[in-house]
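Just need the whole structure built from these sequences, with the hints factored in.
Keeping their order, the protein sequence lines are chains A and B.
For what it's worth, our numbering labels the leading residue of the first sequence as 66, then goes sequentially.
For what it's worth, our numbering labels the leading residue of the second sequence as -9, then goes sequentially.
Derived from the structure by calculation, the hints contain no laboratory data.
As the structure is a computational prediction, the values presented were derived from the model and not from experiment.
Computed spacing ranges between beta-carbons, pair by pair: (1) A:S310 / B:E181: 44 to 52 angstroms; (2) B:H157 / A:G333: 50 to 58 angstroms; (3) A:A341 / B:R230: 54 to 62 angstroms; (4) B:E255 / A:Y85: 47 to 55 angstroms; (5) B:F104 / A:Y85: 39 to 47 angstroms.
With a straight-line Cα cutoff of 25 angstroms, these simulated SDA-like cross-link-like pairs (lysine to any residue) come out: (6) B:K177 / A:V268; (7) B:K199 / A:T282; (8) B:K133 / A:T282; (9) B:K177 / A:Q82; (10) B:K177 / A:L88; (11) B:K133 / A:I273; (12) B:K161 / A:F285; (13) B:K133 / A:I275; (14) B:K199 / A:N71; (15) B:K159 / A:R74; (16) B:K133 / A:L88; (17) B:K133 / A:Y85; (18) B:K199 / A:V286; (19) B:K159 / A:R86; (20) B:K199 / A:I273; (21) B:K133 / A:R360; (22) B:K159 / A:L70; (23) B:K133 / A:R271; (24) B:K133 / A:G81; (25) B:K199 / A:I275; (26) B:K159 / A:R271; (27) B:K199 / A:R271; (28) B:K199 / B:V175.
Beta carbons are placed, not taken as given, at the ideal position from N, Cα and C, and that holds for glycine.
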Amino acid sequence: MIGLLNSLRFALVSAGQNFYRNLAVSLAAVFTMGLILLMVGGTLLGTHMLDQVLTTEQARASNIKVYLEDGVSLASIENLRRHLAADSRVAGVHFESKDDAAREAASQKELGDSLKVLGSNPLPASLNLDLHRLGDLPGIDRMVRLNAVVAHDTHPTDYNPDVIHKLQGLIVAMQLIALVIGVVLAVISVVIIMNTIRTAVYVRRREIEIMKLVGATDWFVRVPFILEGVFGGVLAALVASVVISASYKPAVTNLRSTLFIFPLTYDGSYLGVLVALLLAAGVGLGAFGSYLGVRRFLTA
Amino acid sequence: MHAPTTVSPSRDDGDRPRDAVPWGAIRQPENLDASVPGAARGHVALSADPAMRPIISFHGVNKTYPNGTVALRNVNLSINERDFVFLVGASGAGKSTLVRLLIREEAASSGRIFVNGTELTNLPRRRLPRLRRGIGIVFQDYKLLPRQTVAQNVAFALQVTHPGQRHLKAKVEEALWIVGLEDKVSKFPDELSGGEQQRVAIARALVHKPRIFLADEPTGNLDPDTSWGIVQLLLQINHRGTTVVMATHNREVVDLVRRRVIAIEGGRVVRDEQEGQYLKDGEATIG
Chain A
66 MIGLLNSLRF ALVSAGQNFY RNLAVSLAAV FTMGLILLMV GGTLLGTHML DQVLTTEQAR
126 ASNIKVYLED GVSLASIENL RRHLAADSRV AGVHFESKDD AAREAASQKE LGDSLKVLGS
186 NPLPASLNLD LHRLGDLPGI DRMVRLNAVV AHDTHPTDYN PDVIHKLQGL IVAMQLIALV
246 IGVVLAVISV VIIMNTIRTA VYVRRREIEI MKLVGATDWF VRVPFILEGV FGGVLAALVA
306 SVVISASYKP AVTNLRSTLF IFPLTYDGSY LGVLVALLLA AGVGLGAFGS YLGVRRFLTA
Chain B
-9 MHAPTTVSPS RDDGDRPRDA VPWGAIRQPE NLDASVPGAA RGHVALSADP AMRPIISFHG
51 VNKTYPNGTV ALRNVNLSIN ERDFVFLVGA SGAGKSTLVR LLIREEAASS GRIFVNGTEL
111 TNLPRRRLPR LRRGIGIVFQ DYKLLPRQTV AQNVAFALQV THPGQRHLKA KVEEALWIVG
171 LEDKVSKFPD ELSGGEQQRV AIARALVHKP RIFLADEPTG NLDPDTSWGI VQLLLQINHR
231 GTTVVMATHN REVVDLVRRR VIAIEGGRVV RDEQEGQYLK DGEATIG
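Take a look at the structure:
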């Protein structure tokens, strides 16, 4: 046990000393890893933002607004409401009056301004349905259109199959692209990091040679290099985390105004997860890259 | 080469008279007068130990490198504990390959090798450290760490094999005292002469008290006087009970010391003589 602790202490001290003594090469490795982790982090964040869009769209899509004719009796509306609430496909029904619709519209700046200009409330009352399954939307849509209280002349429901299908297709395609980018980045990063660390190890090949000659075990030789890789990986992950954390919010704001069809949102809680993922990736890449980098000199 | 009446000082050794190094006590055993090479070949340790047994043996060993170069052919030899053996031969004769086989840096293509009671054929990698801890080795190019002091270079060998061991400093100081560099502990390798650097390498190889000491052309980069100092040191290490195998080109040293000589030519052992010389009587060259 004491021997193990001594070995660990020796490994930690030599890893620190080696990192400092070969600062230029060490920093080059950190810079490379930092750049790669930045790209990995950016990809993860992009995927998360797409996920959010998908979730929002799915939640939004499994809702349907059934617009009601102006002037129909409350009894007939209540009749329809009860009929829909009894339907097993429907999770919930909520009545939104003309006034509620106006208030909702007023909270959105442009619509609110338009309403002020008009001076009257043209918005219809509606029954807002939450469905259990997205796939039940067409059936419910068809069914409610047969009811007399529904606004047949104007806009019976807000169901738009084309937009939803296109959006879903786009999101799946973008997730696929993100996955491909992620895999390619991971492969490239391991190769680059392995070669960068191999350069750092090459500088110290004589040290490894002597360690082997005097009878150091393979793991005793490896561990300081692996720890050094882990130091570098953590440092790179921290740098990448700081850059991503600082640019996430401005990026969302800018993208929201450019890609206005996507409901992009800022999710501060995801940053914690992202930093943890980057740290894990940094530790993993640093350790694995060093392991591969030092292997050639151990077996030589 | 000068008649080695004294252990010659290194040329840039400052004002410290290396020839006045107190080789006595540990460094200069009573019955081995380093100033008289004839006496140094007295086989004191060998004759004192009747239970001599082979510590190194080769049985029909062949070595062919992947590029097809045949380095050793059917080598059979046996070296007893506490022997002092010169391996001689021209460049490319196979001396260095033999040394590399002994520390299992290379594996034999066929045949069996025993070192310190371990058979090296099919020795798994995980057992290499134990084998190497029983062997001290020095090379022509010293293989010192340039950014570490003399003491750190020597301590390195102990730290990587027995990290955190007690009395590290005392053991390092003892090894440096044996090689006569106790006043150079804080120097860096590039502040030392070639001979002094080789002494540091010897101290590093000695510090974990190996049973076998291998020296691959240890005097290859040194002038004759300094070379003689290094050989004197190896003789004393041998006298302390360590088996010494020295691969060399240095004809003068071999002929002066007159210990066992194994001559290798074209990968074969062509001569194995007790109290031998670099060249066979009447032989003009080797190889």
